[in-house]
Amino acid sequence: MRLAQRTILGTLAVAAIAGAAAVAAPPAVPATPAPIDRVVAAQPFVLDDAFRFEWREEKPDARAGYLIVIKVNPDLVYPRQTLEPVLYVGNQVAQRVNVGYRSGHVVAIVPAPLDENGVVQLDLAKTPIWFGTPELPERINAHAIEVELSVARAAGITPRPAAEVRAALAATAGRTTAFRDAHRLVQSAAELIRVYSPEEQDLVEGLLVPLVTPE
Amino acid sequence: MLVRLRCVAALAVAAVIGTASPAYAGGAGCDADIDGSGVVDFPDLLTLLASWGPCPGCPADLDGNGDVDFVDLLSLLAAWDTVCADDFVAMDVVGELLDEYPHFQMVKAFNEVTPILIAIDPHAHPSIVGAAANAYVVASKTAAEWDGDPSLTDVRGAPQVVGFGGPDIQDATVALSGSLSGNGGTEFGIAYDLVVDMDMNGELGPGDFIDGYDADGFRVVRKFTAGGPLTVTTVTYSGGSFLAQRTYYPTDIASMGQLPLVIMSHGNGHQYTWYDYLGEYLASYGFIFMSHQNNTVPGIETASTTTLTNTDYLLGNLGTIAGGVLAGHVQTDRIAWLGHSRGGEGVARAYDRLFDGTYTPSNFTIDDIKLVSSIAPTDFLGTNSANPHGVEYHLLYGSADGDVSGAASCRICQSFSLLERATGFRASTYVQGADHNDFNCCGFNDFTGPASTQIGRPEAQSVAKTAYLALLRHRWDGVDAAMDYITRQYEDIRPTGVQPDTIVDHEYKDSASSIVIDDFQSQTSTSVSSSGGAVAGDVSNRIENRLDDANSSFSWTTADPMNGMTRGRSSDSTRGTVFDWNSDRFLQFSILPAIADWSDRTTLSFRACQGTRHPNTTAVQEDLTFTVTLVDGSGTSSSINIGAYGGGLEEPYQRVGDGSGVGWGNEFEVIRIRLADFLVNGSGLDLSDIEAVRFEFGPSFGSSVGRIGMDDIEVTN
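Which chain is which? The protein sequence lines are B and U, in order. With my numbering as the guide, the letters of the first sequence map in order to residues 1 to 215. With my numbering as the guide, the letters of the second sequence map in order to residues 1 to 717.
Hint data in this document are derived by calculation from the structure and do not stem from the laboratory. Since the structure is predicted, the reported quantities are computational estimates derived from the model, not experimental observations. Treat each hint with caution, since some may be false.
What follows is a set of in silico ranges between Cβ atoms, one per label pair, in the way DEER data are often shown [to be verified]:
(1) B:R153 x U:A226: 55 to 61 Å
(2) U:T231 x B:D202: 20 to 26 Å
(3) U:A451 x B:L208: 37 to 43 Å
(4) U:N551 x B:G156: 52 to 58 Å
(5) B:D202 x U:N717: 45 to 51 Å
(6) U:Q499 x B:L114: 58 to 64 Å
(7) B:A155 x U:G319: 51 to 57 Å
(8) U:S181 x B:D181: 51 to 57 Å
Chain B residues, not near chain U, derived (Cβ > 10 Å throughout) [stated by the list, open to error]:
(9) A31
(10) A142
(11) V212
A few chain B residues that don't get close to chain U, going by computed Cβ distances all over 10 Å [as the list claims (entries may be wrong)]:
(12) A25
(13) A34
(14) P35
(15) V46
(16) K71
(17) R80
(18) G90
(19) N117
(20) G118
(21) V151
(22) A154
(23) I157
(24) E164
(25) T172
(26) P198
(27) V209
By construction, the Cβ of each residue, glycine as well, lies at the ideal position given by its N, Cα and C atoms.
Given these sequences and hints, build the entire structure.
Here's what the structure looks like:
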């Protein structure tokens with residue numbers, strides 16, 4: 001601006017700036033490793049069509065696991081373009097489907113193998129769930145997960161109480177649900193978001209839009 | 001005898017020319033324009049007198065009788081002041097007055113109701129002084145149309161009688177009367193040509209002046225912060241996992257031809273449904289806009305994948321999406337990728353993957369991606385992967401971004417690194433007081449800056465919308481007037497509807513036809529430019545180096561002369577120079593003879609910025625100005641203060657943090673000066689033989705003190 005008056009205004013502004021706090025800066029990233037507050041709901045699932053799990057460097061195919069709903073410190077999941085704390089479930093990175101900052105509830109997909117009987121091999125009562133060092137999940141490999149797990153254990157992070165996990169399973173009836181593919185799985189996750197994080201209605205609607213080619 | 005005759009002739013002439021005013025003729029009397037200057041005037045008379053007497057074949061023997069005599073003299077006097085142009089003169093005429101030299105700025109764009117002036121430099125065209133003429137504002141025509149039909153029809157209903165004073169250009173300006181519409185529907189305003197019909201014969205012909213013969217003369221532009229005239233239809237659908245899309249298109253698309261495609265890739269924690277403001281806006285001007293679900297949380301690779309797969313999906317399913325209404329109406333070889341934050345890096349990475357050949361799409365090729373634009377992108381992947389390469393690249397950024405902050409202490413937050421890596425056309429739009437999520441509808445408010453500077457989401461989006469429309473119309477449709485909105489100082493022109501105190505800085509570099517004087521890349525010596533010429537001066541503390549704040553803080557320290565430069569990391573090559581002054585100082589770039597002829601170029605271009613938190617910057621909180629001087633081989637010089645056109649180098653955004661002091665990252669701005677401006681009022685500068693470009697600083701030349709960075713000094717078109 002070439003307005004002469006801006007010099008004066010600028011000077012006044014500068015004088016005021018020393019005490020002018022930022023208006024709405026994002027919350028600081030909490031220290032990690034950080035435990036979650038609670039497992040709220042958990043539902044095992046299997047898929048007819050495996051999908052490529054993009055949330056770790058190896059990008060393995062996944063066709064079973066758990067849909068979980070967890071209660072967390074919202075600052076851990078404030079949406080940032082910079083590095084965010086990574087959600088781990090045991091030896092796996094979890095796929096966060098929603099943001100969860102306002103509600104404090106995160107819906108996540110946790111891939112897990114199936115045993116020979118088709119049962120999802122993940123015991124949430126024996127598996128720690130925590131937020132680890134901020135990173136891009138696509139850059140995290142098995143070795144990095146091992147390191148994060150040992151750091152979490154050293155920090156005293158333990159699996160959630162068995163009673164809490166039982167209650168979480170009961171919240172979804174605990175039965176393994178079969179979906180055709182990842183798209184249907186995410187749409188199921190959207191229904192959980194609708195229940196546990198209703199502030200994210202636009203996300204829910206965005207996930208539930210009809211397919212171009214109907215079934 | 002001969003001497004006496006010449007005296008008699010001179011006396012006769014004196015009586016003729018004392019009251020003469022220019023007369024315009026295409027041919028009659030023009031034999032008397034002996035020297036072919038275009039005007040019958042004193043040099044012709046002197047030539048005739050010098051040839052007096054027997055002189056068979058002499059040009060001054062106007063009647064061809066073998067003698068230069070009284071008959072010839074009388075013929076010359078009868079034709080006195082006749083303008084004898086062989087043709088009309090095509091040149092810039094339309095513009096606006098300036099307070100200082102060059103006194104008049106030729107421009108291509110006017111907002112509606114802005115006064116429009118015309119000017120002709122009497123020093124270059126002395127015959128216009130005192131002449132009466134008709135000024136016509138004509139609906140723009142192509143050169144072929146002008147050649148086929150030179151008749152003049154004024155869109156105002158009748159031409160305007162004008163006269164030009166002298167002796168200087170500021171005395172030879174005329175305000176156009178009447179008002180001109182800028183409502184061109186989906187077009188970028190309305191294009192007009194301006195003709196000064198000197199012989200007042202109602203046709204474009206010899207001796208006339210035209211601004212707009214082979215391109216638009218100028219455009220009047222309506223309030224384009226508002227949407228366009230087309231009704232828009234929006235459809236939301238999914239093609240499967242991470243293939244949800246929302247597409248906006250003109251409702252009446254079935255009756256339209258092929259429309260260019262703009263694709264938006266959102267950022268982390270954002271939704272694809274959050275860009276209605278831009279989708280509806282661009283579709284209302286005749287674009288198809290698709291915003292897609294973007295897999296940003298895992299990282300940039302996955303984000304880039306969803307940009308690629310969603311582009312493929314859309315193009316591969318045009319026959320079914322929205323009932324197939326888009327089929328045949330998508331200009332599939334004219335695609336722009338826009339991305340926000342992680343998605344902003346993702347679109348650059350997506351292009352990089354096409355460039356590297358590591359991703360092969362099914363329904364498009366790299367050549368179909370004509371433009372990539374990132375809104376506050378991250379830079380996780382760095383030089384080799386977050387790289388737009390040679391695609392036309394644009395960056396939109398808000399200075400109050402609390403997320404991708406641009407801070408020196410946050411390497412992955414330095415959005416401008418992506419701009420620096422772009423090797424083709426590149427431009428940026430830096431919006432003071434805008435935060436990260438102002439560029440979508442619904443992200444969290446992350447505004448970080450002095451509260452009084454917050455411009456808010458509607459204002460930030462007005463800037464974004466108009467920047468994109470101007471950029472796309474300029475780059476894709478060749479609209480010169482649109483370029484004005486992304487190159488001229490925002491103090492000089494801004495879209496109607498953007499608030500008058502909103503501060504926006506432009507960068508713009510199109511080196512395709514440039515003579516590069518110094519890009520500070522290939523030659524690291526401070527005494528030699530990259531073009532090989534000597535560099536000399538007495539500015540203080542000058543160094544050249546990578547544009548990379550070296551100490552992770554914006555606090556000023558002499559140990560970090562590139563303070564505030566958040567534009568590259570160690571693997572990047574971008575470089576520039578920094579220096580300061582406290583009294584009159586200069587920095588001069590000598591021009592080698594091989595690149596001294598600038599007569600076929602139009603513009604001197606460079607970019608510069610104030611150095612944040614430097615004592616010289618904080619000492620004067622205002623736009624910084626200085627003077628640019630061109631010197632030719634004969635020592636003639638011409639100088640222009642960059643502030644003459646309005647604005648200057650913006651003071652850095654007054655944000656705190658990232659160290660002590662006030663001021664955020666350095667805000668480069670492009671400065672483009674028409675070379676013709678250096679010729680105004682008979683400067684005598686010879687553009688075919690430029691010997692030096694000299695930048696002059698200090699109280700005699702602009703701001704009394706300053707600290708600046710400078711780069712990309714070029715002569716271009």
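Hints, one by one, checked against the model:
no. : hint                        : result
1   : B:R153 x U:A226: 55 to 61 Å : holds (60 Å)
2   : U:T231 x B:D202: 20 to 26 Å : holds (24 Å)
3   : U:A451 x B:L208: 37 to 43 Å : holds (39 Å)
4   : U:N551 x B:G156: 52 to 58 Å : violated (37 Å)
5   : B:D202 x U:N717: 45 to 51 Å : holds (46 Å)
6   : U:Q499 x B:L114: 58 to 64 Å : holds (60 Å)
7   : B:A155 x U:G319: 51 to 57 Å : holds (55 Å)
8   : U:S181 x B:D181: 51 to 57 Å : holds (55 Å)
9   : A31                         : holds (18 Å)
10  : A142                        : holds (16 Å)
11  : V212                        : violated (5 Å)
12  : A25                         : violated (5 Å)
13  : A34                         : holds (17 Å)
14  : P35                         : holds (21 Å)
15  : V46                         : holds (16 Å)
16  : K71                         : holds (19 Å)
17  : R80                         : violated (6 Å)
18  : G90                         : holds (18 Å)
19  : N117                        : holds (28 Å)
20  : G118                        : holds (23 Å)
21  : V151                        : holds (21 Å)
22  : A154                        : holds (26 Å)
23  : I157                        : holds (22 Å)
24  : E164                        : holds (26 Å)
25  : T172                        : holds (21 Å)
26  : P198                        : holds (15 Å)
27  : V209                        : violated (5 Å)
In terms of the numbered hints stated before, the structure departs from hints 4, 11, 12, 17 and 27, listed from lowest to highest.
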